[in-house]
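Residue numbers (the working numbering), protein chains in the order written: chain F, 1 to 115; chain C, 1001 to 1109.
Among these hints, one or two may not hold up.
[What the hints assert, rightly or not] Among chain C residues calculated to face chain F with C-beta under 7 Å, some are:
1) A1042
2) P1043
3) F1045
4) Y1048
5) A1093
6) N1095
7) K1096
8) F1099
9) G1102
Calculated from the structure, these hints are not laboratory results. Glycine included, C-beta positions come from ideal geometry on N, C-alpha and C.
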Amino acid sequence: SAVISQKPSRDICQRGTSLTIQCQVDSQVTMMFWYRQQPGQSLTLIATANQGSEATYESGFVIDKFPISRPNLTFSTLTVSNMSPEDSSIYLCSVEGQGYTDTQYFGPGTRLTVL
Amino acid sequence: GQNIDQPTEMTATEGAIVQINCTYQTSGFNGLFWYQQHAGEAPTFLSYNVLDGLEEKGRFSSFLSRSKGYSYLLLKELQMKDSASYLCAVKAAGNKLTFGGGTRVLVKP
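Make the full structure from the sequences, and use the hints.
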């Protein structure tokens, strides 16, 4: 399986600030995804991070709020902008492809609390 | 639209068997996943079904019927460490996963 790391593992932030979350994979992967898991809820897809092009966002999520970068096949970042307490969630990246086809593996997640 | 249903919670006794059902209605289907998620941790991949039938992996088995839009995850010889949430997810177009609400399984001694 893929070895995926995320930074930071957790953070407590003030309302109105922004946080950038990093996702690093141990090998090249075709597809990277960002999910949000709100307290007590299941996972919701935020966007697909495409290498070399803009991310593709799901309904209810916009680039201004969640800008994403994908500079190469092993790395991506998700920024949570102008945070409010409603953004308090676990943010997870997942990967698929390049030897991990048909299966998506998840990173350990970033637990964000917004005060 | 996407609709994936699974029971919210199930309780079973150590050593017993539990079956978690998942029904889905999705636009497009490229396979169904089951993940295990312990509290405070990331989901861990358990199984992937794309063809009808049963896939067995040790104590865990997963079944798929595409015509019925139905899957189940079977956990045998339950252990205390199996207490977790079990997430059913359908892969549709673009390799995107849509998750059900998750089933919290509580294993009692």
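Each hint tested on the structure:
About 5 Å separates the beta-carbon of A1042 (chain C) from the nearest beta-carbon of chain F, less than 7 Å, and the hint is met. Interface hint at P1043 (chain C): satisfied, since its Cβ lies 5 Å from the closest Cβ of chain F, which is below the 7 Å cut-off. Proximity of F1045 (chain C) to chain F holds as hinted, the smallest CB-CB distance being about 6 Å (cut-off 7 Å). Because the closest C-beta pair between Y1048 (chain C) and chain F is about 6 Å apart, less than 7 Å, the hint holds.
For A1093 (chain C), the interface hint is violated, the least distance from its beta-carbon to any beta-carbon of chain F being 11 Å, above 7 Å. The criterion of a C-beta within 7 Å of any C-beta in chain F is met by N1095 (chain C), whose closest approach is roughly 6 Å, and the hint holds. The interface hint given for K1096 (chain C) holds, since its Cβ lies 6 Å from the closest Cβ of chain F, which is under the 7 Å cut-off. Checking F1099 (chain C) against chain F: minimum C-beta separation of about 5 Å stays under 7 Å; hint holds.
A least Cβ separation of about 5 Å between G1102 (chain C) and chain F falls short of the 7 Å threshold, and the interface hint therefore holds.
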